[in-house]
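Participant: Protein chains in written order, with my numbering: chain A, 1 to 361; chain B, 362 to 549.
Take the hints with a grain of salt, since some may be wrong.
[What the hints assert, rightly or not] Example chain A residues on the side facing chain B (calculated, C-beta under 8 Å, incomplete):
(1) LEU6
(2) GLY14
(3) ALA17
(4) THR26
(5) PRO27
(6) ARG36
(7) LEU40
(8) THR183
(9) PRO205
(10) GLY207
(11) GLU303
[Unchecked claim] Below, computed lysine to any residue pairings styled on SDA-like, alpha-carbon distance capped at 20 Å:
(12) A:LYS215 to B:SER458
(13) A:LYS215 to B:ASP469
(14) A:LYS215 to A:THR343
(15) A:LYS331 to B:VAL542
(16) A:LYS215 to B:SER495
(17) A:LYS331 to B:THR546
(18) A:LYS215 to B:ALA497
(19) A:LYS194 to B:PHE435
[Stated by the list, open to error] Anything over 12 Å on all C-beta distances counts as not near chain B; from chain A, calculated:
(20) ASP169
(21) SER276
(22) GLY282
(23) SER317
Rather than coming from a laboratory, the hints here were simulated on the basis of the structure. Note that CB positions come from ideal geometry on N, CA and C, so glycine has one too.
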Amino acid sequence: MQPDPLDRLLAAAGDRARSRSDRDATPDRDFAAGLRDRLLAELPDGAHTPRVGWSLPHLFRLPRMVPLALAATLVVAGVVGARELYVAMGDHPTPTPAVSAEPTQEPTPTLTAEPTASASAEPTLEPTAVPTPEPTVKPTPVPTPNPTPVPLAVMSLSATGCDGGVVLDWSKYEGGAAFNHYTTLRNTSESIPKAYPPQGGAVDPGGTYTTVLEKTSAFDAEVSAGTTYYYRSMAFNADDGVIGASSIVSAVPQPVASLGALGMGAIAEGTKLMWSAYTGPGACFSYYKIAYSEEDTTPSYLEGDPYLAAIGEQSASSFVSPTGEALVSGKTYYVRVQVIRATDLGGFLVAQTDVATYTVP
Amino acid sequence: MDGPNGASRMDRDRERTLVARARSDAAAFGELYDFYLPRIYGFVYRRLEERSVAEDLTATTFQRALEAVRHRDFRNDAFGGWLYRVAANAVIDHVRSERRVVPLDGADASRGAADAFAAALDRDELRTAMGRLSGAQREVLTLHFYDDLDADEASAVLGCTRGTFAVRLHRAIAALRGAMVQEKTDAA
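The following block holds chain B by itself, in its conformation from the complex (with noise of 0.2 Å):
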């Protein structure tokens, strides 16, 4: 399962082939390094919307990654699921450095970024509905229709399989219609 914009992956042969060469190659990390900086930094920069926190934490993101591939035991399967959990991290880390005392999930993390999609819906039953999910079913929407990552790196940002995703994305979208009928029942 892929993303609204299937087109804007990376194909997966040639991700594992730079991974693989990136240890030894500057031109290989550096192509991964186009293709993902616009995507971990807007990943970023959505759910905290301050320019240089993004930029730290994506410089961070990225010094991992130069760290892991040059690693003998570097996982190369998923590259780019692997980033987005990195800087997921870190933007968990940043969000609970901030607020010390409160328990922090991943979809507080998220908050930001999903508050950003809701507000994009264009009907409001819609919006009122979004409103009425789960803190973890609103991330689940937003990883896929708004951050747009495909069924690998959303998995791996959630740290589930990608089976477990699946069922989850089905079940919030579930949710959302039950939630919408719901909407409408208490409109009448």
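Okay, chain A solo, but in the shape it has when bound (with noise of 0.2 Å):
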């Protein structure tokens, strides 16, 4: 099969354009390989140099590492008490959060390197005169507060099945996270684990993925007529992680209704499209288009096909298109009307006229 000009083009300028961005879009070999080499030396490999020094991704897990230090730290003190903990650090360098971006000792515990006075050393007769410094004068060092989990932020969910696929049309994220963006899960049992990837035999229908957080409705149109779905929205943070979700709903959707022949004439404002309206429920309508197309024989707005007109009366019928307007006297063309239910994140076919075929006169 012929490539598509208009994909050649495409093609050619996407080449283009990435030949003129590529010395700076191509990364700096110092970068590249010290990246690489501090996440190799994570893995084990015994062939490899371990690490020296600290690294970007050291300092971002500093923070974890920091509280269990800083516990463990204030367990020892506990037992022998502060005064007890500062002879015992003496003048070694307290491990402290972070601040400069390149830290070049590694604090490592200082433990045995004087005696303590502890009550489990052995008494002597003739103790060590060891000096006592005022333990208030240097800073304790603080703990940082372990984060507070932030619970998940509960969601509505509402699954509406129509003719040709299901609504859904869940409540905006409120939680204290930070918002990444949304996605619902399908599973065809009651089975939806608050996780991403999915899980249990769940799977991302598609479409439903939106970073904006005021985006709360989607379509799933991927789906066979007549079997139940059970569906689940989530808000996730940048990582995929859970932040918020919503309950399981269900829907069953049906197929794509059908609305009978279309009927087109000419009157003397031009040319008359007359249909059965859709009688479906009316949270599964949004508009009628009549989609027309002289080449194409199965005319769809959802394909980009132009359309005579965009009607958001369900109890509309028919439709006058003006003469000397869209359709051109003496020209074919084929015609359909399409019900749409849009959505924030697009929308699906609903119901559909069989297609016309029309000469204007």
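Once you've looked at the hints, go ahead and assemble the two chains, each given alone in its own frame, into the complex.
Facilitator: Structure, rendered in structure tokens:
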């Protein structure tokens, strides 16, 4: 099959654009090598040279290490007392939360450098006079509080089984975590763990992912009519961690409905189109689109074909295309009326008439 | 459906093998890193055009990748797509942090790349037609033709199925064709 000329034009433009940005869009060699070294040092491989010094990822992880180190320090402090702890630490560097970009000294635990006057030490007749500096002068490391886990925000979800698909409508995420995106998962059984990637037989049906907090509706049209589907909407942070979730709801979609034949005829004002109004639930109707084409024998609004009109009144059953506008005298057109259900993340086909072939007189 | 430069793909079986081994083998992760680093860096750079930010977000992406492959439950079926998705999320988070008030769509975060792609189009009517498309349609075309992502990777970035991506790409090209016709009509 010959490639589409437009495809070729776009591919060539992509090649050109990439080659223009090639130099800038190539990672610096030192950066690439440094990052590689740091990452690989974290994986078990005896042959790999251990990392030396500190790295950016280590700084990222430091906040998680610091509370542990400090908690251990505080336990020791509880046993021997702050004064003894100070003596034990002597002048060794205190592990403090990293504030400089390039720490040069690994904070190693120093528990053996100096003898302590702890109760467990063997009593001696002539105790060594150990100088006891004021314990309050040196700042005691303040433990960084463990970040309180943000509870999952509760979201609501409604799933409406329509002709042609399922409409999903969830509530906006209003929790305290950093929102990144929404996704709704689907299953054919009532089990959808609050996790991504999907688990337990759940799948990502596609088309429900959005990073816009205010977009709270989508659809699922890749379904089999008559099957019961279960859904759960979730909000995620940038790591695909769940920060909000709805309960599981179900819906049963039906096949795309037929509106029967589309009648077309000439009247004084232009071309009149007549069809049977869509009688399905209002929750499944957004508008009629009258798609037409000179070449495409199955014109479709969702496939990008032009349309004569968009009509938001569900009970509408006729339309007049004025003379001299879209339909040109002497030309033959393929036309059909389609019912579309629109959501924040696009629309799907709910019902349509048969295609009418009409030559404008 | 593969992108324009299909030869630059990692063999899927090879990728799965490497991901499975990477949990306990630095060399396997290193091979994944060597293959994807320039791609992920380029993907981020084309959107933000700031070397230091691209380096930070690339480092964050691979750090997450490392943590993910070490996790026993990591789903080992489309590592490349997953990596692009993490990078895209990081870009969105970065742009959002720069513009705290404006609601941000994924297409919005791709605008820099879409503009660079449109600028490379060598026909005026094509450039103008591209400007008539929605942000989402431009994003689909940019991912496929400029970022050179295959259907698995692009669908992961968009959070949709491979089939949905194919439909969106088809519609975007159809819309572009329609916009070009409209452009010619308007010009006549």
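Participant: Verify the proposed pairing of LYS215 of chain A with SER458 of chain B, using a straight-line Cα cut of 20 Å.
Facilitator: holds (19 Å)
Participant: Given the proposed pairing of LYS215 of chain A with ASP469 of chain B, does the C-alpha separation stay at or below 20 Å?
Facilitator: holds (14 Å)
Participant: Are LYS215 of chain A and SER495 of chain B close enough, with their CA atoms no more than 20 Å apart?
Facilitator: The given pair, whose Cα atoms are some 16 Å apart, holds under the 20 Å limit.
Participant: Should the hint that GLY207 of chain A touches chain B count as held when the rule is a Cβ pair under 8 Å?
Facilitator: holds (5 Å)
Participant: Are the Cα atoms of LYS331 of chain A and VAL542 of chain B separated by 20 Å or less?
Facilitator: holds (17 Å)
Participant: In terms of Cβ atoms, is chain B entirely out of 12 Å range of ASP169 of chain A?
Facilitator: holds (18 Å)
Participant: CA of LYS215 of chain A to CA of ALA497 of chain B, is that 20 Å or under?
Facilitator: The given pair, whose Cα atoms are some 14 Å apart, holds under the 20 Å limit.
Participant: Regarding the hint that ARG36 of chain A lies at the interface with chain B, is the smallest CB-CB distance below 8 Å?
Facilitator: holds (6 Å)
Participant: Given the hinted pair LYS194 of chain A and PHE435 of chain B, is their alpha-carbon gap at most 20 Å?
Facilitator: holds (15 Å)
Participant: Given GLY14 of chain A as an interface hint, is the shortest Cβ-Cβ distance to chain B below 8 Å?
Facilitator: At about 4 Å, which falls below the 8 Å cut-off, the nearest Cβ of chain B leaves the hint on GLY14 of chain A intact, so it holds.
Participant: Within 20 Å, alpha carbon to alpha carbon, are LYS331 of chain A and THR546 of chain B?
Facilitator: Within the cut-off at roughly 17 Å; holds.
Participant: Is the shortest C-beta separation between THR183 of chain A and chain B less than 8 Å?
Facilitator: Holds, about 6 Å.
Hint compliance for this structure: no hint is broken.
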